[in-house]
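Work out the full structure: start from the sequences and follow the hints.
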Amino acid sequence: MKTHRHNLRRSISALLLAAASQLTAANDNATASDNSLPDPNSENGGFLELALGVGHVDFARVDEIEGLRSNPGDKLFLNIHGAYRYKRFFVEATRDGFDGLNLGATLWQNDKWSVDFLAANIGGNKNGDDDSAAVSEAEKNIALIDRDTFFAGAGARITRYFGNDKIAQFRLLSDYYESNGALWSARLGKQWQHGNWSYTGFLGARYNTAKLNNYLYAVSASEATQLFPEYKAGNTVSLEAEIGVSYPLSRKLVFRSDLSLVRYQREIYNSPLLDDKQDAKFTAGISYVF
Amino acid sequence: MIISSHKSFRRILLCVLATSCNALTMAADATNASESDSSVSESIKLNVRPVTCVALHKGQTCHKNLRFSWPPLPAGRYCLHASDSLHPLRCWQDTAKINLTTGYSSATKVRYELRKENSDIPLAHAVVKTAWVYRTSRRSSSGWRLF
Chain A
1 MKTHRHNLRR
11 SISALLLAAA
21 SQLTAANDNA
31 TASDNSLPDP
41 NSENGGFLEL
51 ALGVGHVDFA
61 RVDEIEGLRS
71 NPGDKLFLNI
81 HGAYRYKRFF
91 VEATRDGFDG
101 LNLGATLWQN
111 DKWSVDFLAA
121 NIGGNKNGDD
131 DSAAVSEAEK
141 NIALIDRDTF
151 FAGAGARITR
161 YFGNDKIAQF
171 RLLSDYYESN
181 GALWSARLGK
191 QWQHGNWSYT
201 GFLGARYNTA
211 KLNNYLYAVS
221 ASEATQLFPE
231 YKAGNTVSLE
241 AEIGVSYPLS
251 RKLVFRSDLS
261 LVRYQREIYN
271 SPLLDDKQDA
281 KFTAGISYVF
Chain B
1 MIISSHKSFR
11 RILLCVLATS
21 CNALTMAADA
31 TNASESDSSV
41 SESIKLNVRP
51 VTCVALHKGQ
61 TCHKNLRFSW
71 PPLPAGRYCL
81 HASDSLHPLR
91 CWQDTAKINL
101 TTGYSSATKV
111 RYELRKENSD
121 IPLAHAVVKT
131 AWVYRTSRRS
141 SSGWRLF
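Heads up: the sequence lines are chains A and B, in that order.
If you count by our numbering, then the first sequence holds residues 1 to 290, one letter each, in order.
If you count by our numbering, then the second sequence holds residues 1 to 147, one letter each, in order.
Treat each hint with caution, since some may be false.
[Unchecked claim] Capping the alpha-carbon separation at 27 angstroms, the derived lysine-lysine pairs in DSSO-like fashion look like this:
hint, chain 1, residue 1, chain 2, residue 2
1, A, Lys190, A, Lys87
2, A, Lys87, A, Lys112
3, A, Lys252, A, Lys166
4, A, Lys211, A, Lys232
5, B, Lys45, B, Lys129
6, A, Lys252, B, Lys109
7, B, Lys64, A, Lys166
8, A, Lys252, B, Lys129
9, A, Lys140, A, Lys211
10, B, Lys97, B, Lys116
11, A, Lys252, B, Lys64
12, A, Lys112, A, Lys190
13, A, Lys190, B, Lys64
[Stated by the list, open to error] Example chain B residues on the side facing chain A (calculated, C-beta under 8 angstroms, incomplete):
hint, residue
14, Ala55
15, Leu56
16, Gln60
17, Cys62
18, His63
19, Leu66
20, Tyr134
21, Thr136
Think of the hints as simulated: they come from the structure by calculation, not from any bench.
Think of the CB as a built atom: it goes at the ideal place given N, C-alpha and C, for glycine as much as any other residue.
Shown next as structure tokens:
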């Protein structure tokens, strides 16, 4: 009984990454025989990949209404992921579901630290409908579950690298699309290699301001229905976790599987727009890397 | 006195001739051995599968089982050597042996040589290289996640 829309984000990602792929092809001259490790601070390049696979999603947000909307949790997906860096500037649309699309520049870095300015962190969905036109109870219900969750923010990202396999990161972002609030997040991540299998894991926490939570989860008096009564949210801290495994099948193909969880605080999961306390997503698929 | 000097001359002459013969014999042996090795070398092709080991990210060590094969060799004892190892990976007597499997673990490349035992001369060689799917460093290619 659930639906989730990523169309806009995917479209933006596809456009930007299609452009990035041209640059990638032009600049990525590394070969199997080029085995020296370049200075990461000065390396240009990146990757672009198409991922095809299956997954099961179980999001906390109500995204189906009996008789009006239904959606199975099992999905067949085709995603585009990528990242490209040119000197200080970068564009990232990595495969995890938490960060969305990043456009930014590195202000300062050394071998242990990186301080980035995020000019745009874009995520969520935008349906483009005029919700004020919803009059009937059913129209209001549809408008609420199709509510925009689009976020376009700017801010800072500080990353600490511990060797080649551990990382800690802090982000602070403020929405400038409609001044819908701010968030910060802190994460710890680690990678393991066993044979040619790469395992990854991270734990994190995300703080949303009340303003951002109300944009995402509140129901105003004019929006309220019998199914979705009026609700107002406060500040929250949500917990995030993800584990993943990757295996190179060839120089172009990678098998990848991820399990990700976001656990919400009471201020969020008490919203009538949510019917669960966490988002859960499992995916497994093959990526073609250009 | 005359007799004695005559004997000495004969001894010297024999010695010179013997030394020359010995030298010629050694040279001939060496030539034969070299010709033998080179003729063996010319006829041997060391095949290995796969020739490329693929790991995920640039700089990672790649692990793979390699399968070597070669045509039947002349009688003798042979060894397979790897450039990243002081000792031979495997030695064998059986001339009918035409393949073996061994593990590869490298972040760069390894040259494998088929040699006669206790010889430094490669009869045949093959190179296995490590390649990566993501060929820029993790740090620049995938943002914070690195992975």
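What hint numbers does the structure not satisfy? When the structure is compared with the hints, only number 19 turns out to be violated.
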